[in-house]
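Undergrad: Residue-level listing of the chains:
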Amino acid sequence: MKANERLVYSASEKVTGWRLFIKTILARSYPRIIGQQREKSWIFFEIFMPMLAVSAYVYVYRAIGAPEEYVGFVVVGGAMTAFWMNVLWSMSSQLYWEKETGNLALYIMAPNSMMAVLLGMALGGLVATTLRAAAIIVLGTLMFQVQFTVTSFSQLFAVFFLAMTALYGMGMMSASLFLLLSREAWHISNLAQEPIYLVSGFYFPIKSFDFWVAAAASFIPLTLGLDAMRQLIFPSGASLGFLNVNVEIAVLIVLCVVFLIGAKFLLDYMERLAIREGRITENRR
Amino acid sequence: MSNYAIETKDLGRVYKIRGNKKESQIRKELIALQDVNLTVERGELFGLLGPNGAGKTTLIKILTTLLAPTSGWARVAAHDVIKTPNLVRPLINMVSGGESSGYGLLTVRENLWMFSQFYGMPSKEANERIVELLKIVGLEDRIHTKSSDLSTGLRQKMNIVRGFLTNPEVLFLDEPTLGLDVGASRDVRKLIRGWLDADKNRTLLLTTHYMVEAEELCDRVAIINKGRVLACDTPANLKRDLQRDAIFEIETSPLNGLTDKMLAEQAEVKKAALTETDGGAKLELVLVDESALATVINILTQKNIKVLRFTKREPTLEDVFMERVGQRMEDVEKEEAPNESK
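Sequence lines, in order, name chains Y and E. Residue numbers are given in our numbering: position 158 of the first sequence equals residue 158, and the series is strictly consecutive. Residue numbers are given in our numbering: position 153 of the second sequence equals residue 153, and the series is strictly consecutive.
Please note that the accuracy of each hint is not assured.
[As the list claims (entries may be wrong)] What follows is a list of derived Cβ distance ranges for each label pair:
no., chain 1, residue 1, chain 2, residue 2, range
1, Y, Thr16, E, Asn201, 13 to 23 angstroms
2, Y, Met49, E, Lys124, 33 to 43 angstroms
3, Y, Ile43, E, Thr145, 16 to 26 angstroms
4, E, Glu29, Y, Val138, 51 to 61 angstroms
5, E, Ser151, Y, Phe157, 41 to 51 angstroms
[As the list claims (entries may be wrong)] The calculated DMTMM-like cross-link candidates involving lysine to aspartate or glutamate, where the alpha carbons are at most 20 angstroms apart (straight line), are:
no., chain 1, residue 1, chain 2, residue 2
6, E, Lys200, Y, Glu13
7, E, Lys282, E, Glu314
8, Y, Lys40, E, Asp149
9, E, Lys83, Y, Glu277
10, E, Lys239, E, Glu215
11, E, Lys28, Y, Glu277
[Stated by the list, open to error] Computed footprint of chain E on chain Y, listed as stretches where at least three residues anywhere in the stretch have a Cβ under 8 angstroms from a Cβ of chain E:
no., segment
12, 14-23
13, 27-41
14, 102-111
15, 268-280
What the hints contain is simulated information worked out from the structure, not anything from laboratory work. All C-beta atoms, glycine included, are put in the ideal place defined by N, C-alpha and C.
Build out the structure end to end from the sequences listed, making use of the hints.
TA: Below, the structure is given as C-alpha cells:
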C-alpha cells in the first residue's frame with residue numbers, strides 16, 4: 001500500500017466535547033462568511049434595495065419638516081432591517097431548506113450538537129450581515145449627511161451585542177419550530193416580514209405607539225435594541241426613546257437568556273419529535 | 001464488545017400518511033418495515049437488495065438514528081440507535097445516491113472540510129485526506145470547483161468522499177453508484193474494498209439496484225421486498241439453492257399473445273419472465289430440470305413462435321430475487337411506480 005493510500009485508509013484522532021462544539025460553529029459559519037460573498041448579487045438585493053426604502057422615508061420626513069434626527073433614525077433602522085431579514089430567511093426557515101437538500105440529516109447524524117450548527121448559522125449570518133448593515137450606514141450617512149453623537153460607546157456596544165444575541169437566539173428558537181414544517185415555512189416567513197417592520201419601529205420611534213403596543217413589540221429584540229441605539233447616537237434620541245437605556249439593556253439581557261435557553265430545549269424536543277415522525281429527511285426520500 | 005456491527009430485532013416502521021384534502025381526516029398507514037431481524041458482523045460488507053419502496057432506505061434511516069422504529073429495536077456498533085444515538089453517531093456515516101448535500105457556493109474541498117469538522121477531525125489531516133480521496137475517485141482536478149458547477153455524477157463522487165473522509169466504524173451507502181459511469185463505479189468499488197480490507201473492524205452496509213455490484217462486493221446479501229427480509233445469506237449460498245434448477249434464456253420471434261402466466265402455469269416451470277425486444281422477445285425461465293425445456297418448446301411451437309437462440313446459464317442474484325419475490329426487480333418497480341406517483 002502506498003503512503004498516500006495508508007493515509008486514506010488509516011484511522012484518525014477526532015476531538016470531542018467543547019472543541020467539537022467550537023469546530024462545528026466555525027465550520028457552519030464558513031458558508032455564510034466566505035461562500036455568500038461569492039454571489040455578488042447581495043450588493044444589489046441587500047444594500048441597494050433597502051436604500052430605496054430608506055430614501056423614501058427620508059424624503060417623506062423632510063417633506064413634512066420632521067426633526068433632522070428622524071433621518072438618522074431611518075438610516076439606522078434601514079441598516080438593522082438587514083439583520084431581521086437575515087434572521088427570518090436564513091435562520092428561521094433555513095432548516096426547511098437544509099432538510100430539502102439533505103444537509104439536515106447529515107447534521108443530525110454527525111456527532112456534533114445541533115445547537116452548535118444553529119450557532120454557526122447565527123455567527124455566519126451575523127458577520128455577513130454586519131458587512132451589509134455597515135454599507136447601508138455608510139451610504140446613508142454620506143447621502144443624507146447624518147450626524148452621529150455617541151454618548152457612550154460601551155453602552156452602544158453592549159446594546160448591539162445583546163440585541164444581536166437575543167435576535168439570533170430568537171432565530172434559533174424559531175428555526176427549531178420550523179424543523180417540522182415543509183413548504184409552509186416559506187409562507188410563514190413571508191407573513192412575518194412586514195408586521196415586524198411596523199412594530200419594531202424600523203423607520204420611526206416606537207414611542208409613537210401606545211405604551212402597551214410598544215411593550216408587546218419589545219418582545220422582538222430589535223425593537224428595544226434599535227430604540228436604545230438611537231438614544232445613544234443622536235442628541236435628541238433620549239427624548240424620543242421608549243424606555244431608559246439601562247432598563248432596555250436589562251430587558252435585552254433577559255431576552256438573551258430566554259431565547260437561548262428556549263432554543264436549546266425546543267431544539268432537543270423538536271429533534272426527538274421529528275425523528276419519531278420521520279421528518280428529518282426530505283420528502284422524496 | 002459485541003461481534004455484531006449491526007443487529008436488529010423485530011424491527012418495524014409504520015408511516016402515517018395523510019390523504020388528500022377530501023380525505024384529510026383519514027390517516028392511512030403504510031408499513032415500510034416489518035419484523036426485520038438482521039445481524040451484520042464486524043468487518044462484513046453486507047448488501048441490501050430490493051426494488052424501490054422495499055424499505056431499504058427506511059432501514060438505513062433507522063440505523064443512522066434519523067428515524068425511530070415503531071416496533072422492535074436496532075443496535076449499531078453495540079449501541080441502541082434510539083436510546084443512545086449520541087454513542088452511535090461518532091461511529092457512523094452515510095452517503096445516499098443522488099443526494100444534493102453541501103453548499104453550491106463552496107468548493108469541493110470546502111464542502112468536504114466543513115463536513116469533516118462536524119466529526120471533530122483536525123483540519124490539516126482532513127485536508128490531506130480530502131486530496132487523497134479525491135485522487136482515488138478521480139476528482140482531484142475539481143478540488144477548487146464550486147459544487148454547484150459539478151455534474152450529477154461528479155457531485156456523487158464528492159458525496160462518496162464525504163462518507164469515507166471521517167473513517168467511520170460502520171458506513172452506510174444507499175445506492176452509492178447511482179448516476180455514476182462504469183469507470184467511476186469501478187473506482188468506487190475499489191475504494192470500498194480497499195477501505196474494508198485495511199481494517200477488519202470496519203463494516204459497510206450497501207443498498208444497490210445493481211445485482212452485479214452486490215454479487216461482486218458483498219459478503220452477504222439480504223433480499224428485501226415490501227418491508228420484509230425474504231432471504232439473507234452469502235451470494236454463493238443464495239444461488240446454490242437454485243443450482244439444482246435449470247435456468248434458461250431463450251430469444252424468440254414475437255410472442256403472438258404468449259404471456260408469462262401461461263408458462264408459469266406449467267408444473268415444470270418454476271418462474272418465467274418475458275421481455276419484448278426489437279422484433280422479438282426474451283424469455284427467462286427457471287425450470288425444475290432440463291427435461292422441462294421440451295414442454296416450453298412445445299408451447300412455443302403451438303403459438304408459432306420461433307426459437308432464435310437459447311442458453312443455459314448459472315444462477316445469478318437476479319434469479320434468486322425472481323425466485324423469492326416471484327417477479328424480476330424491474331417488474332416490481334414498474335408495478336410500484338404508478339402507486340408512488342399517486
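Undergrad: Are the hints correct? Go through all of them and say.
TA: For each hint, the structure was consulted:
1. The supplied range of 13 to 23 angstroms is met by threonine 16 (chain Y) and asparagine 201 (chain E), whose beta-carbon atoms lie about 20 angstroms from each other.
2. The hinted range of 33 to 43 angstroms is satisfied by methionine 49 (chain Y) and lysine 124 (chain E), whose Cβ atoms lie roughly 42 angstroms apart.
3. The hinted range of 16 to 26 angstroms is satisfied by isoleucine 43 (chain Y) and threonine 145 (chain E), whose Cβ atoms lie roughly 24 angstroms apart.
4. The hint said 51 to 61 angstroms for the Cβ distance between glutamate 29 (chain E) and valine 138 (chain Y), and at roughly 60 angstroms that hint holds.
5. A C-beta distance of roughly 48 angstroms is found between serine 151 (chain E) and phenylalanine 157 (chain Y), which places it inside the suggested range of 41 to 51 angstroms.
6. With a C-alpha separation of about 18 angstroms, the suggested pairing of lysine 200 (chain E) with glutamate 13 (chain Y) holds against the 20 angstroms cut-off.
7. For the hint linking lysine 282 (chain E) to glutamate 314 (chain E), the alpha-carbon distance of about 17 angstroms falls within 20 angstroms, and the restraint holds.
8. Our distance criterion of 20 angstroms between C-alpha atoms is met by lysine 40 (chain Y) and aspartate 149 (chain E), whose separation comes to about 17 angstroms.
9. For the hint linking lysine 83 (chain E) to glutamate 277 (chain Y), the alpha-carbon distance of about 16 angstroms falls within 20 angstroms, and the restraint holds.
10. Of the pairs offered as hints, the one joining lysine 239 (chain E) and glutamate 215 (chain E) holds, with about 10 angstroms between alpha carbons and a cut-off of 20 angstroms not exceeded.
11. The straight-line distance between the Cα atoms of lysine 28 (chain E) and glutamate 277 (chain Y) is roughly 14 angstroms, inside the 20 angstroms bound, and the hint therefore holds.
12. Evaluation of the coverage hint for the segment 14-23 of chain Y: fulfilled, as 6 residues show C-beta separations to chain E shorter than 8 angstroms, against a requirement of three.
13. Only residues whose C-beta sits within less than 8 angstroms of a C-beta in chain E count toward coverage, and the segment 27-41 of chain Y has 9 of them, enough to reach three; the restraint holds.
14. With 9 residues having a Cβ less than 8 angstroms from any Cβ of chain E, the segment 102-111 of chain Y passes the three-residue criterion, so the hint holds.
15. With a threshold of 8 angstroms between beta carbons, the proposed coverage of the segment 268-280 of chain Y by chain E holds, since 4 of its residues qualify and at least three are required.
Checked against the numbered hints above, the structure violates none of them.
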